[in-house]
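Peer 1: Residue strings, one per chain:
There are 2 protein chains.
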Amino acid sequence: MAELDDNRSSVQDSLQQVTALLRKHEQNLLQQHGLPRPQQVEELLHKQDLAALQKKLDQLHPADVAYILEALPLEERLVVWDLVKAERDGDILLEVSDAVRETLIAHMETRELVAATEQLDTDEIADLAPDLPREVMQDVFRSLSVGEREQLRAAMSYPEDTVGALMDFDMITVRDDITVEVVSRYLRRLDEMPDHTDQLFVVDRDGHLRGLLPVSRLLVTDLDVPVSKIMVAESVKLHPDEKAQDAALAFERYDLVSAPVVDSDGKLVGRVTVNAVVDFIREETDSEKLSAGGLREEEDLFASVWSSVKNRWTWLAVNLVTAFIASRVIGTFEGSIGKLVALAALMPIIAGIGGNSGNQTITMIVRALALGQITVGNARKLFAKEIGVSFINGLIWGGVVGVFAFLIYHSVPLGLVMTSAMLLNLLLAAVMGVTIPLLMQKLGRDPAVGSSVLITAITDSGGFFIFLGLATLFLV
Amino acid sequence: MAELDDNRSSVQDSLQQVTALLRKHEQNLLQQHGLPRPQQVEELLHKQDLAALQKKLDQLHPADVAYILEALPLEERLVVWDLVKAERDGDILLEVSDAVRETLIAHMETRELVAATEQLDTDEIADLAPDLPREVMQDVFRSLSVGEREQLRAAMSYPEDTVGALMDFDMITVRDDITVEVVSRYLRRLDEMPDHTDQLFVVDRDGHLRGLLPVSRLLVTDLDVPVSKIMVAESVKLHPDEKAQDAALAFERYDLVSAPVVDSDGKLVGRVTVNAVVDFIREETDSEKLSAGGLREEEDLFASVWSSVKNRWTWLAVNLVTAFIASRVIGTFEGSIGKLVALAALMPIIAGIGGNSGNQTITMIVRALALGQITVGNARKLFAKEIGVSFINGLIWGGVVGVFAFLIYHSVPLGLVMTSAMLLNLLLAAVMGVTIPLLMQKLGRDPAVGSSVLITAITDSGGFFIFLGLATLFLV
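Order-wise, the sequence lines are chains L and B.
For what it's worth, our numbering labels the leading residue of the first sequence as 438, then goes sequentially.
For what it's worth, our numbering labels the leading residue of the second sequence as 438, then goes sequentially.
Only chain L is shown next, with the shape it has when bound in the complex (with noise of 0.2 Å):
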């Protein structure tokens, strides 16, 4: 009995809570962008009625109970998700995030998740597969026709990061020499067109892309003129193992909706569509933010302390081998810190602008670097740039913390250490900023990943050496 009140008070906390996401979510997108809006949900809701609940899931897009999904604690969320009805898991199995889609799986029967995922289109089924189970994988795999086991093969061929995982097979073709009316009366057959269809693909007999027909030009062009005639022969053609990086900059710069994808022969195996590549982006940006904030992957926000505790770890492991690092190079020089113990509260700036100064230099080469605009020829202009920058602002700050240090200490000899360390340390910044990159860059590794952590650890053992050292030299 107790038990049962325990159940029965998780579930109304649980309904609370969704109460508040839903009045939240309604405020954000549902009031301002008109979609329908049901009467009286909310106090349906105060009322703890499950079946209201229900019929309110039931009218929400597939992505909207995602959202409401992530941001529910997990006994909350598994109470919500056995409200939603069956045929619809699987679409919002694909819309939530990595970690939350494992915790949702894992509550399913292996029933359930065959049910699931025979729904979806077999690109759909791809992106699934890698969190789906074996046994669940080999009951839809049986399930499917043969063509369909052919595009889920394909579609689980390719590495997550190209083309070919971001392709889909939803494409109508057409011959090039029929006329305008027969693809009309042919459209005018079928029940309805693959979202996202802006252009019909014109092959020949073999399944070779000939060209493209906009349907815009279709919807304006007389009927009795051949596709032939006002088809797009030249056009951005899309390869299965092209980084998915290069299509998203196709689209974003030729303003596309849809584009083919065509083997080494040139026979037409499927399509991109804009919104694989609005995802693309999106989570390329932030898993870019997460690794930038020392994360190593996305993170249910409810995930277990534990787990949490292991995302974390990684970054906190190779930031105590560099701090290790910069507590012997102080070390070295503790005999100058003994005598002169000023130099122990002032070393920080002098670590802590230089590495500020190093960020800003690798954020402009790593952006550049992944727009394609640094060459061999101009490389060496921009490290002069660097250099300049890092003089002029070397002197300005450098001689602001001079000051500082006269100011407090009452010493004219430290305050021209403390200018010129901060002047050393922020051209080591520059040449850095500007090296390590490239470097990275040539090694074939990403830029982005690990530049900033790199930079940080040796302007601040740098610092820590060149302004110690100068004091060594000069003042004790």
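Relax, there's no trap hidden among the hints.
Note that identical chains are pooled: a pair holds if it fits in a single copy or bridges any two copies.
Listed below are the simulated DSSO-like cross-link pairs for lysine-lysine, each with C-alpha atoms no more than 30 Å apart in a straight line:
1) Lys879 x Lys680
2) Lys818 x Lys522
3) Lys879 x Lys674
4) Lys726 x Lys747
5) Lys704 x Lys666
6) Lys680 x Lys726
Hints in this document: simulated from the structure, not taken from any laboratory.
Assemble the complex: chain L is given as a structure, and chain B must be docked to it using the hints.
Peer 2: Okay, now just chain B, sitting in the frame of chain L:
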């Protein structure tokens, strides 16, 4: 004569630069994507043939020309800019970054600027307007029709981060009492349809939005069906004053290609298309990255040293203030450091790891806030989780640094002080890492800006205070 030679060698330099860039660019995009790639252009460029370069530039997409201009140092950039056909100037100015746009506009005469601007749509003119000289805008304004002036005035009246600034006016509107056949005949009389027309907008006599007519439905529906039967009545509607960020979220969630913008009376005033949203997302994440790296704004890769110095000033100054504070915290404990110099070498470890851990927490929380996932109900749970993570990390990494201190300085009490200080600083980092972004949000500020600097300042000064304070109490 010497001057002429100088000029000639500069043009040669520039041509070599452009050759390198074009080759690189073609490797990146053109070859892979099968865009037209004229034969023997490279050889022509090697021969320093301006006419051939011009021809090549003419064949490139405006976004590609913009890419090349971005990557060239100022002098070479202007040589290439002069080769671009005047009628393409407007489109290219729209594609380059703000910083590079300024350099190009400064180089153009009023007459040229007016000609370039006049060829653009009103929403595009509004985008350029802030960078154009006043007299240019006056001339352009005079050349517009009354309706266009109204559009331009409307487009310019919205702040940069609102839906109004993303909006364009290229909509096809239809009435709901006509049939699919009438719509089809109407469309066939057009020369072309606006880019990104995935749907027509159904309006009543007074211009109120009644629904949306997706082109894909138009194409699959029988000709005698009336528009009212197949239009989508309930849909996402944007408002011009709404945050662009919210519109971007709606496009991502609901996979939109275009969305109507209506005023408070429900009248259709414009539309937003996915390409504007993609550009917005890219610019936004770009500026977040820049500010995370300590840069005030996007910097022309080849900006003068002086303007770069100014761009980096703000964050260096902020950092200097926090460094001075940390320095004074250490200064308070100079007596203790004088007695036990090891403290100076060990204190940066406590501060550094605290900053790292605090930034991890803040990255999580800022992300969750941006996604709207934090409510009053779950904030307490989050708090408890972060404290838990820091407690475990404090024990583990505190233990590691304690052993490190013991191994080097052979003092158990010193090791214990290290461990306790680490644990306390990580707890401080967790508490402030959750509190700072929530507080900023409450105060109506963007939690993404400045949170990281603030937490680092707190864990630095706090870490020094905790460690040196404990050491003073128990060791000296």
